[in-house]
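Student: Heads up, the numbering used here is the position in the sequence shown plus 41, with the first residue counted as 1.
Please keep in mind that the hints were generated in silico from the structure rather than gathered at the bench.
Possibly wrong hints are sitting among the right ones.
Claimed, not checked - Derived pair list, reagent style EDC-like, types lysine to aspartate or glutamate, alpha-carbon separation capped at 20 Å:
1. LYS966 with ASP956
2. LYS431 with GLU649
3. LYS324 with ASP361
4. LYS125 with GLU649
Just so it is clear, the structure is predicted and the values come from calculations on it, not from any experiment.
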Amino acid sequence: MSAMNAKRLLLLSLSLSLPLAASIDSPGSSSRQCRIELSGGWRACRAESQRDGSCTRWLRGPQPSLPTTALATLLAAGELQLPKGDDPYFSDNLAHIPDINITGASFYTLTWERHMPVEQLSAECREQQTDRAWLRLEGVNYRAARASLGGLQLPTPPPGMFIRHRYEVSAGGLFALTIAPPTHYGGTECGSGACGQGGDHALAQDVTAQVMLGWDWARPIPDRSTGFFGGVQLEVTGSVTIEDAALLTRALSCGCAGCEGCGARAERAALLMVLTLENHAAKSVVVELSAVLRESVAGRAATRGELRHSIVLGGHSSRDVRLPLNATDVPLWWPHNAGGLGPSLLNATVQARIGGALSHSEEFRVGVRTAEAYIDNRTGGRAFRVNGQKIFLLGGNWITPDLLLRYSADRTRYCDEVRLHQRAGINLLRVWGGGVSERNPFYECASEMGLFVYQEFWMSGDNNGRWAGSYSWPLDDAAYFANAQDTVRRLRRFAALLFWGGGNELFPRRLSPPVALEEIVHREDPGRFYIASSMDGGIKGGNMSEHDDEYALAPRDGPYTMLMPLSFAQRNPGLHANLTISFQPEVGFTSAPSYRGLLRFMSATEAEQIPERGADSACRAGSATSPVWAFHNYLSWSTANGSGPGQIYDHVYAYGQPANASEWAAAAALASFAQFQALVEGYQAHLFSWYASMSIWKTQTPWPSLRGFLYDWWLEPTGAFYGVQAAASDRVHAQLDRGDWGVRVVNKDVAAALPASSVTAEWFGLDGKGVATETMRAPLVAASSSRAADGVVHWPAALSREAVGFLRLTLRASPTPHAAQEVTPLEGGEGEPAASWYWLTPGAAPDYSQLGAARRAQRARLRLRVRSCWHADDGHVRAAAELWVPESSGLVLYPQLTLSLPREGELPASWQEGDRAVVLLPGRKPSARIVVARVGARAGGVVSVVARSWNAPQVEARCVCVEGGAEV
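All chains should be modelled from the sequences, with the hints used to inform the complete structure.
Tutor: This is how it looks when you write it as structure tokens:
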């Protein structure tokens, strides 16, 4: 991007700072009654069907529901035909859709039209004045070519995917909007053939998501996702409106002399209210501005702070307002896994009155908290303190729910995905710079569930000069900065927003990103941390002499290929150990859905074309090819030299030769579990000695990919999810060092030390019988740290060196009476102490063929009982079940529950709560679990709970699910 004069930045018109498109009002508030969603009632017309401003042929088929894109709308209307069903993500259907580089932009240019029900909404809005009506669009990709109301043209904002649109529609009538694709839509072919990281890179010339031209984990989207990005709302107001109100925490007084930080509450909090007031009338007015901050206590609202202020506002003018608000006795917002603390939110109401009459109000939720970025003396790099306490950030890299943008206003989808991260033990989401700035529902869910967000702007070293493309891109400076300013104003109110990033893997500092970006952040969101790049370290990365902690988080990121167990005991697994990487923004491996998940996006015949042993990322091994697997971005499961020099170790085939796709997917789940468990535990082993943060690449996928996710596109958790959860979800945790088989105790509590404790190490054979037990002492573990126990685990003599041994580590209170009173280990299911499970072999290259034989034999037995089934308030169906293994059976490995309905079959978005044990021993008390499904049955419907495992036949039990109860 070319340099831009700072004065020019400051003169960006305030009219471009558009109001919030989707509020986070509480149900029944006055804002809700004066604002409605306009997702339905639209019709669309192609550019080729328009003559003299009129449409000669409206698209047929189901009425479009916004948000959507041109491609999704054309498919629904039958304008495009797919060879294999109607799902563009199925098989290679996406490759059969004409690309915009071939068709030209007009092919994917649509005009959208809808009547604006202004009079109806004005009649329903009784709490405030209704002089004006506004159509608010949270995002449009890419350009509003023309907007009109009743045939009269309306002004449009600059182009860009991330700037909100606001149109005055006070007169009512027919609104029409023509949305054109990006100007530089680029091509999917490079000089040497197909290319991945942003296609031919040309899309980066515009202000949009670079991933829409393809990446190594995503196929290019033919229309570059041209359409609506986020919610569409109609609102009526008075002549003065409040825009982008936020309450930012400036300082806390905790009332604790000598304390290092705060706890659950603060005695006093100094807040800063920031907003913009706009007067849309010709006459000057005196605006009576008020703000109230309330806490809900036992069903009642307790006021914690308020302010009142009068402002003279000239006709047709706007003013940025910043006013102090002092709050007292406030609960603090913490991430969900801070140790008995949580994401407390308060309710804020901001109102603007003229002559006593309410003109406009905004209601939103506020998390009071401080966050400080600093350089940690022990890790040697970037770290964070929250409310004065240092905290380890375990992150996941986030793209967006759907490359076709269909879920970009779906709060349920966003919350389900955020909840899955929460349950995995993740407390930070990095919204990656090659993608988007996420929509408001995402930030609402993250704030409510206690996850931080690291939001990057839309640049990447892959396309903005470092490795390809140009440092002068995007070409339109004014549009880029207008999008950035609007994004900062929109998101600054959310407690989840931890810090801003200039972009992904940018370098060098003098060229990328533009300095003006940081100036926007500091001006519009004062006090929030900003870092220019995720990774520097020279052009290729990895050079410590070219790393600057004030410019980038890390000198190197990665790796992205499977590693051997010993690697996780080393500093910077898979990278050079001499690098200082306190804050690792991305490291991860391949992933795979279940066999049921495979069949959701490929045929059974295509699924059976499983990769051969050692297959590369083009899915080739020897003469075999799997084109559909390669099309869905298969990434190899092999490690070069893993079995010795020149020997390839395939982590799936380590369980034996899979007979079919079902067996391949089952082995991949176990391989994934072990790999991701080892990754997270390797970083946790050195909390605030080597590392302050690590983010997994990636934890969700915006299309059905075969790499990089903890759950598939239909939200079914994978082995990777359960591996991360096994390592990360407990506040205190006993874990195995993959190098010397030593035992470490991890304490992620932000404030409380873990007193001296003990760890019991128990070995079991596949038959479920114990073969060895030893107990070791662990010293006191300070908050946010880990320490080694006083012993190592040894391979039991009772097991042959060809066998697979199952190791359980259980953290228990110290046998000394005083310490026992001070520490209560976290609990698993039914009061059992939390335990960590591993399946191991004595060699450096594990041979799990004994487990493969157990899989084929299916001799273990699993029992299932459903105790209750109910419709929960959050719109999900939950079934409480018990799993156990009879005493005559061997142990059961990797038990999983799903829900099934008579007509729909098994529901993909099913996950488990409760006991998380990955191994069930015979003759023990039942494992209590709750299985949750996103799509629920109607009250009174029959629900089946299905239990599967690695080495026992499937079992199933039914119950009748009703509201608030169950019949079994």
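Student: Evaluate each hint against the coordinates.
Tutor: Results of checking the hints against the structure:
1. LYS966 with ASP956: OK: LYS966 and ASP956 at ~12 Å, within 20 Å.
2. LYS431 with GLU649: Violated, because 49 Å separates the two Cα atoms, which is more than 20 Å.
3. LYS324 with ASP361: holds (19 Å)
4. LYS125 with GLU649: Distance ~17 Å between LYS125 and GLU649 Cα, so the pair holds.
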